[in-house]
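With chain A's structure known, arrange chains B, C and D on it following the hints.
Each chain is listed here by its residues.
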Amino acid sequence: MPLLSDPIFGQTMITLMAAIVLVLQITLVAQKSLVSSIYVFALQSFLLAAIAGTIAWFTGAGHIYMAAVLTFLLKSLLLPAILIRLVEQIRIEHEMKPLLNVPVSVVISGMLTLLAYVVAEPLQQQMSFGSPSSLGHNTLPVAVALFLIGFFLIANRRKALSQVLALLSLENGLFLAAISLTYGMPLIVELGVFFDVLVAVLVLTILVGRIREAFDSMDVTRLSRLRG
Amino acid sequence: MDPAHAAPTAYGLALSLFLAGWLLSLVLHVWRGTSLRLAGFVHWFALAGSAAAAAAGAAALVQDGSWRWAAPASAAGFSVSVRLDPLSAFFLLALAALALPVSAYSLGYIRHGAYGRSPVLRSGLLNLLLAALALIFTANHVILFLVAWEAGVAASYFLVTASHEQEETRHGGWMFLLMSRAGAGMIYIGLLMLSVSAGSLDFDRLSGAGSAMPGAASAAAFLLLFFGFGVKAGVIPLHAWLPAAHPVAPSNVSSLLSGIVIKTGIYGIARVCFDFYSALPPWAGMVVLAAGVISGLLGVLYALMEHDLKRLLAFHSIENIGIILMGFGGGMLLRSYGYPKLAALALAAGLFHTLNHAMFKGLLFLGAGAVVHETGTRNMEEMGGLIRRMPRTALYFLVGAVAISGLPPLNGFVSEWLTYQVLLAGFGTTAEVTRVAFPAAGAMLALTAALAAACFVKAYGITFLALPRSEHAREAAECAPSMRAGMAWLALACILLGLGAPWFMQVFDGVTMQLLKTRISLAAVSLSTASIQAPPPRTGAASPLALGLLLAAFGLVPWILWLLRRRRVTTAAGPVWDCGLPALSASNEYTATGFSKSIRMIFSVIFRPRREIQPRFEASPYFPSEIRFESEVRPAPGASLHSAVQEALLRLALRMRQIQAGSIHAYLAYIFVTLLLLLLFGVRS
Amino acid sequence: MTATVLHAVLQGLLLLLLSPLLSGLIRTAKARLQTRRGPSPLQPYRDLGKLLRKGMVIPETASPVFAAAPFVVFSTTLLAGLLAPTVFAAAPLSQFGGVLALVYLLGLGRFFLALAALDTGSAFGGMGSSREMTIAALAEPALMLAVFTVALTAGSTDPSRMAQAAIGQSWRFLAPSQMLAFTALFVVLLAETGRIPVDNPATHLELTMIHEAMILEYSGPWLALIEWSASIKQMVLLTLLANLFIPFTLASAPGVPAILSAAALYLLKLLLLAAAVVLVETTNAKMRLFRVPELLSVAFVLGALALISTFLFGGR
Amino acid sequence: MALAWLLAIPLAGAAATGAARRRAWMEFIYCLGAGAALAASAFLAAAVLSGGPVSFLNGFLYADALSALVTLLTCAVWAFSAPYTVGYLRGAQPAGAPARLGIRELRLYYALSHLFVFTLLGVSLTGNLGIMWVALEGATLASVFLVAFYGKPTSLEAAWKYAIIGGVGLSMALFGTILTYYAAFEGTGMETWEALNWPFLIAAAPSFNPLVMRLAFILVLLGYGAKAGLAPMHTWKPDAYSEAPAPAAAMMATAMLNCALYGLGRFFLLSARATGPGMPSKLLIVFGILSIAIATPFILVQKSYRRLLAYSSIEHCGIITLSIGFGGPLGSLGAVLHMAFHSLAKPLLFFSAGNAQQHTGDDSLRNTAGGLVHALPWSGAALFAAVLAVTGTPPFPLFLSEFTMLRAGFAQGHAWASITAVILLVLIFSGMFGHAARLLLGPVPDLPAGDRNRWTVYPLAVLSVVLLVLAFWIPAPLSSLLAQAASLLEVKP
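Residue numbers (my numbering), protein chains in the order written: chain A, 1 to 228; chain B, 1 to 685; chain C, 1 to 316; chain D, 1 to 493.
Hints in this document: simulated from the structure, not taken from any laboratory.
It is possible that some hints are incorrect.
Unchecked claim - Heads up, simulated SDA-like pairs for lysine to any residue below, C-alpha to C-alpha not over 20 Å straight-line:
(1) 50(C) - 559(B)
(2) 303(D) - 94(D)
(3) 54(C) - 564(B)
What the hints assert, rightly or not - Sample of chain A residues with no beta-carbon within 12 Å of chain D, all distances over it, derived:
(4) 3
(5) 12
(6) 30
(7) 32
(8) 39
(9) 57
(10) 69
(11) 70
(12) 73
(13) 74
(14) 77
(15) 78
(16) 81
(17) 86
(18) 106
Since we're looking at a predicted model, the values are computed, not measured.
Glycine included, C-beta positions come from ideal geometry on N, C-alpha and C.
So that you can see chain A by itself, here it is in the shape it has in the complex (with noise of 0.2 Å):
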């Protein structure tokens, strides 16, 4: 099977799924619904999983295929099951208001994806496309730029659980670095990574429950006593 050997179609694949994850990115910024982005986001992390699959396989490295297999498994089944479940559970609106309506910030996302490129730009020129070594090289303006909406997401949203999807969403955008880069960060310290990720969602979940109980709110702007 030439075509599944040519690092051309490999590259293709990856460009058009990156390009997929960083529409994906924007419809976040523009969901209206916390189910919805969830969805969205697993369908995110599916997409990355994918990426790595492919250059696992076009490179042929072992440790990426785990770094594809535990994507899939953790971002785009366990953590979007357990925010689901925590959504069921505490019955908040899921209805969220981003403090920015939805065509600013659709517009910023925008500017942010420009930004971006205008940031990795020197570095891609400097690279070398074309070689399985160079293989997804050309999505770093889209790692780049998913993390800065990312992060854009995070100061938007007005609601705790919110940030956190948001969070994991910029921390997509870093998957998407390591794998496209470097091909995966070293195991043990994607290994680590992956614990981390799980950790904290765990822990900022637990910390939702108790805010909503203490505020009976999600919404994180009336978390404003301490000033000064």
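Below, chains B, C and D without anything else, positioned relative to chain A:
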């Protein structure tokens, strides 16, 4: 003992005693912190240490050259590196000469609760303060100097706030601390500039380093150091802490503060102007001279307006700092124009006045302490007639008052006389602007000194003479023997430093040799006539000893005649002329406020006096039942400087608090914007 | 040594004996100018004699300061007098202290007198003391500037040297700096000796007096000492004025004729200056206290001008 | 092996605490663990001093002088805070929290504290920059519940802000780490996890792509800066420090701050070698000054003294950063010294302030009647000493380190930065001391006599004495450890 080892041994002994006293006080404080007897016991360490320090200073001054000792620096840069060079030794001597009587005085003084609730701790702090001062004067390393400097500040602060239960005390201590720190900031920067340029933190290596720096940096460092040390010295307009902190401190502490703590500023200025800078352009001397003139004149003018005895003395400290700086400034100008001999005279004048001021101001504060303790008030308007209740204190205070007024034959006269000679010598030897500055400064010095005399007529007259103005004053009693001993020592020092000035002047030989390469006593002393003299081009001589003896003789002759005569004429005690009204009472007396009224009116441009008289009438406007009189003057320039700065800062700070308004979105936005900015501008550059 | 002692004793006697006469002469001349007969010039001697013989009333409130003041005032004034050259170009004791010491000795006397005035507890005493110290303080800078001017041209603050240095330059007196300084010093003299327009020595109206208010409670021999000192002080200041600015009449070499002519010329100068004082006193009214600073500021400016003109016209 | 043992101590402590059923056992385990860790870290430091860097598991665990110093400081702070923690948790708890802590709360606290220390030790003891990130993230997670410990609404608020800002910050740091790895990967072709090991990285750094390293440094600076509390990423600090129990806050303000700055310092060295020291230095100087400047107004106008301490921590974070940024032998020495001295002075401040807060039930600077020193003679004196110490007042050793830092500024041609720092430090002093004086001095307050709990008083005395002694005399081994650490932190061409 080998004389070469005398100074180091005594010096080490002094420091050990001070520090041992302090450490011991910490232990004793834990054991029995309120025991006055233990507090007194700790003071004995200060007393013994001061005696050792006096020996060290004297021994070091007698022998030529400097003694150095250094321990290797720690990893953090701290180094015990000390040096007894002539300048250090002189200040050490001044410290000891004051600390000794003050310690003695304290033995009796603290028995009446002057140290507040933890007397043992405070008495230990006095030891710490003395140790810090000794180290300030002898440090040979920037870091040791600064450590000692701030340790002295901390010790002074906690001594000043001994009775911190009162708001006024807290405020005074706070002002002291705040301004000290601000001054220290300037000193840090200045010393850093010097030491980085010299490539060393050793004072030895800093000698002359200032002049080796490039022009602008050299000037900036000089100004920073001068004004930094000026804060400590109380140079107007950086003086605001002085009248706030001196009055509220226990009087033995006030005495040390005024006598020697502010002299650390003078030490710094002397060290900087004459050692770290081997040459300075004339403007630097003009700055110092101007600071001296302004401080001297405004200091005494504001002292005149005071009726708080201790505040009055505090303002006089500013005045005397001004006189010292006139000497220094003159010396710097003369050095700039190439007259090292005259510069040496000026330096000696300034240093001599430093010591003299320590003696008489220390004495006056101790006397004030005794008076304040007996009358329970610092307000002179409630004193009066104390000369009958406290005759010894009154006598010692009188000696101090005469000395501070610069009257012959006491020590104040000697140093002011030298300063006059310096200012006179500067005229015609220097260029156009400065040649006028010198005699102008001389005229202002004359005004300052005459006003000081007026002020002490007031202070002494209102406090000690005439009728008591309050019940407390009427029932005052003479103070404890140890307190009197302390004052007697200082009074004696004022007299001896005056009469023995020609001999004492030789002490400055080492200093002038070190800093200006000339021996001052060759030019300025004539032992055959027991006189001090000014070297050419403006000669002149004065012999306080001869003047004193002649005065005594001329006074004694008529007095003896009078004693002989007295048996034959009738002397009767009679009432004072009271315009025929019934019995003179204390309310007829001139008040301190009244005494200074004419000066208040004459200098109203400066004082902007405001007064308010509110009579209350019952039946007819001719018979007021009650009259309220209020009078105040505008505080000295710079008195509100710190509060203006403080207010502006606080307003700004309040506005800046909006940064932290509790919104996590804002917080995230800060980071996000920072990130974007750095990505935009940081990566490509 | 013996010569110095002899010189000092003689000059002391001169001051002690002649100063009351000078005061008397001024008083008489003033009376004559006001077309009064006035007392005899010898009246001050009679007053002093009388006072010395009389008993005293000492205020009940007085302390030792009150008792000490007359003696301090007397001794400081006399010693100040011995620092100034009178007949000879060299003052007897000027090696012990120059013109600065002289000024400060007078200051010491004033200090004690002002204290004594406060000591009685009388409001007048306080008033006099306050005013005296104020005026003295204001006069001081002008005095110093004038003295500086002379000291600068002479190169010394020693009055003997100041006088000697000027002897050779006979017309120096007419130099602008000297004239200005002379005028400044003259105004200071009026203030220091309590003359009209600053103070009225003849007044006993409580609210206007200064010097008299201070010594209101003194009587008998102590009053005599104070009055005597006041006369001496006046003579010393006139002497300074005369001999620092017009020194060429002074005897610099021993020899009876020279000494005699110098003595005569000295007295003549004193009389002329006294006449000037009399003229000023008769033609002026006493100033309000708060206008005195204006007068003294004029003196200050004159002194400053004097100093500046030492180099303004190409002098040293 | 020593490295592994050291890490095992807090981990075993956490496990044992989880199993413990009685308060006394937990307290004993905590103190024992702290003591053992201090001894072990001293042993480690001695080993590093005598035999150079120690490495275990192929460099997975690694300690040179710098990491040994940071480890030693972490353990020292732990050792000082352990007895204090015992006393503090026995004492009265703030309003809104359970009046007496139950065994469950205590277990949670002690177990989390052990874990917190474990992660902090992990940061300084690993040689792998990736693992260092993992450990630092772990430290955040372990400490979130320490911040939220009292369960008050404000505690939860603080914990949330801490968690989110910390999380965002650390993800930036992770991005930076990924880019560093990429640079190493690209520059050397090395692809195993050893490519993130420190000795390898620092040796290979000159061959890294400067552009990548520049980007990486920016991200790491913001990321670890957020963890350390550099402005403008500092905003979580006042909330977290004022809401956490005092001993936990002290650990965060010293040990965690050190660890974050340690990480930042490592990346600084890498990027300085890769891109030349110009840009990284400049950035550190800017952020250092900015942190000091931002802290100043909040110190001047502050109504809660626990928050005051947090701003002081921001200031000190700025000082250390500034000193690293100045560079040169003096700059790195200043940074290392300041790290060390600050780690001893800050706990003193937190402990004495904690005592005051426990005694009055309030940490307000506005409603105070003053005179606290009458009721709390020991804590009051310690608070004075601590305020003087953290404001860099001689003779406390922080003066020496700050002065070294200022000297470095002048020596390296950043005179203006130094001068600005001096001015700000003077202002901060006036703020800090003014508040302390208002709180402590004054008329006798209407409070019972305090300072009766030995557990909370003795650590104050010991810390004060240690601080004062260090100002004048630093034991030779410690001094050479400091010198070696400083030389490791210095950028060498």
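A quick look at each hint next to the structure:
no., hint, verdict
1, 50(C) - 559(B), "holds (18 Å)"
2, 303(D) - 94(D), "holds (17 Å)"
3, 54(C) - 564(B), "holds (14 Å)"
4, 3, "holds (27 Å)"
5, 12, "holds (22 Å)"
6, 30, "holds (21 Å)"
7, 32, "holds (21 Å)"
8, 39, "holds (22 Å)"
9, 57, "holds (17 Å)"
10, 69, "holds (19 Å)"
11, 70, "holds (15 Å)"
12, 73, "holds (19 Å)"
13, 74, "holds (15 Å)"
14, 77, "holds (22 Å)"
15, 78, "holds (17 Å)"
16, 81, "holds (20 Å)"
17, 86, "holds (15 Å)"
18, 106, "holds (21 Å)"
When the structure is compared with the earlier hints, no violation turns up for any of them.
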